[in-house]
Amino acid sequence: MLKKNRHMKTPVVLAHGMLGLAQAFIQGLKLADYFKGIPQWLEENGCQVIIPQVEGIGSVKTRAANLKGQILEATDQPVHIIAHSQGGLDSRYMISHLDMAKQVRSLTTIATPHRGSPVADWAISKTQKIGVFKMLEWSTMDTQAFMDLRTTECAAFNENNPDAKGIKYLSVAGEPKREYTLRALRMCHDIVSEVEGPNDGLVSSQSARWGEETLIWPADHAQQIGWFNDPSFDWRNGWNEILGKLTTMEK
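All letters in the sequence shown, in the order written, are residues 1 to 251 by the numbering used here.
Be a bit skeptical, because a hint or two may be false.
To be verified - Mimicking PhoX-like on lysine-lysine, the simulated pairs with C-alpha atoms at most 25 Å apart in a straight line are: (1) K61 <-> K168; (2) K165 <-> K61; (3) K102 <-> K61; (4) K245 <-> K168.
Bear in mind the hints are in silico, worked out from the structure with no lab data behind them.
Here the structure is a predicted model, which means the values were calculated and not measured.
Let the hints inform the model, and build the full structure from the sequences given.
Pasting the structure below:
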């Protein structure tokens, strides 16, 4: 059951993932629409919501620096961060390396590839073989954004970005049935499933698990942020679970 009007004292920051999921399906969206209906729902539940808009395709280091700047511009209070996908890596880097540990009370990561994604390994390998990745490197696109999500890169990232004391780390992993996964994600679901088992179409549960507690949602990578939910998953149930965890920290 949803609990209304919690009146959270601590602002909630929504850190988006790599541009290209929901925006790839519906043209003309702004990054503010990444979390479909979720900011309004959080506000209705008594939260002050901050929605930074960092580079859609950018390296973790670049996105983390911009995330820090926009949080500090919005508030001088400590914040709860709820981060989807790459946004979780951005947040961890920001906390570990950009002197933001005192500004963050908690970090909840949703489907963040903490240990990388076989999809990134597979895609980069394929594009390198046919020369497409070399063409991207010659362009103005920040190709490090894709490299950062490889399993080898994330292993090194974890060594260099330990959790900060005093911050509560929570995570969410998606484990939908394949038939309930968005059709566009089913090939990727199969790739990840073969290597790492249960996954949300892009990130395995194994990779998404981080921190003191992991919540399991029957939701794919898009459904977790409010897209294409019917009939298998109501995002309000999942986000209400997160909000309940954050509310207990306010006491």
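So, going through the hints one by one against the coordinates:
1. K61 <-> K168: With a Cα-Cα distance of about 22 Å, the restraint between K61 and K168 holds, given a limit of 25 Å.
2. K165 <-> K61: At roughly 21 Å apart (the allowed maximum being 25 Å), K61 and K165 satisfy the hint.
3. K102 <-> K61: holds (19 Å)
4. K245 <-> K168: holds (10 Å)
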